[in-house]
Amino acid sequence: MKQRTDKPRPVIDAGRCDNCGICVEGCPSRAIQETFNTTCAKCVKYCLTYQVPCTPRALIVRPELCTGCGRCVEICPRGAIAWEEEG
Numbered sequence: 465m466k467q468r469t470d471k472p473r474p475v476i477d478a479g480r481c482d483n484c485g486i487c488v489e490g491c492p493s494r495a496i497q498e499t500f501n502t503t504c505a506k507c508v509k510y511c512l513t514y515q516v517p518c519t520p521r522a523l524i525v526r527p528e529l530c531t532g533c534g535r536c537v538e539i540c541p542r543g544a545i546a547w548e549e550e551g
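Here the sequence shown stands for residues 465 to 551, where the numbers follow the working numbering.
Any given hint could be a false lead.
Claimed, not checked - Distance condition first, Cα-Cα at most 25 Å in a straight line; then the derived SDA-like pairs of lysine to any residue:
#  : residue 1 : residue 2
1  : 471       : 485
2  : 471       : 524
3  : 471       : 530
4  : 471       : 549
5  : 471       : 533
6  : 471       : 547
7  : 471       : 546
8  : 471       : 531
9  : 471       : 526
10 : 471       : 486
11 : 471       : 497
12 : 471       : 543
13 : 471       : 535
Keep in mind the hints are simulated off the structure, nothing from the lab.
Please work from the sequences and hints to get the whole structure.
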């Protein structure tokens with residue numbers, strides 16, 4: 465596996481991610497971690513029709529732990545992880 469030297473970080477597309485955890489288990493540096501999604505809960509409680517989708521868990525990439533190996537990008541079955549676009 466080729467190590468990236470320019471240190472772009474992988475970004476998780478929450479719309480495509482189904483929180484399967486394959487990237488969490490496959491990350492050799494444990495840079496991808498599960499966290500509780502508190503942001504969506506703020507609007508869910510005000511939605512009278514319950515049409516706001518809310519995922520209680522979310523996956524995050526901790527850049528200080530990420531080595532840039534690209535394993536997460538390779539193994540994500542939904543294609544939800546991609547390299548951060550420059551700019």
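Do the hints match the structure? See the list:
1. This hinted pair checks out: residue 471 and residue 485 have alpha carbons roughly 23 Å apart, not beyond 25 Å.
2. Proposed proximity of residue 471 and residue 524 is supported: the alpha carbons are some 17 Å apart, at most 25 Å.
3. Simply put, residue 471 and residue 530 have alpha-carbon atoms about 9 Å apart, close enough for the 25 Å limit, and the pair holds.
4. About 12 Å separates the Cα atoms of residue 471 and residue 549, which keeps this hinted pair within 25 Å; it holds.
5. Among the hinted pairs, residue 471 with residue 533 is consistent with the structure: their alpha-carbon atoms are about 9 Å apart, no more than 25 Å.
6. For a cut-off of 25 Å, the pair hint linking residue 471 to residue 547 stands: about 10 Å separates their Cα positions.
7. The suggested pairing of residue 471 with residue 546 holds, with an alpha-carbon distance near 13 Å, which does not exceed 25 Å.
8. For the given pair, residue 471 sits about 7 Å from residue 531 by alpha-carbon distance, which is consistent with the 25 Å threshold.
9. Between residue 471 and residue 526 the alpha-carbon distance is near 13 Å, which keeps this suggested pair within the 25 Å criterion.
10. Restraint check: the Cα-Cα separation between residue 471 and residue 486 comes to about 22 Å, which is no more than 25 Å; the hinted pair holds.
11. Annotation: proposed proximity of residue 471 to residue 497 holds, straight-line Cα distance about 19 Å (limit 25 Å).
12. Restraint check: the Cα-Cα separation between residue 471 and residue 543 comes to about 20 Å, which is no more than 25 Å; the hinted pair holds.
13. Between residue 471 and residue 535, the direct Cα distance comes to roughly 14 Å. Compliance with the 25 Å bound is thereby established for this hinted pair.
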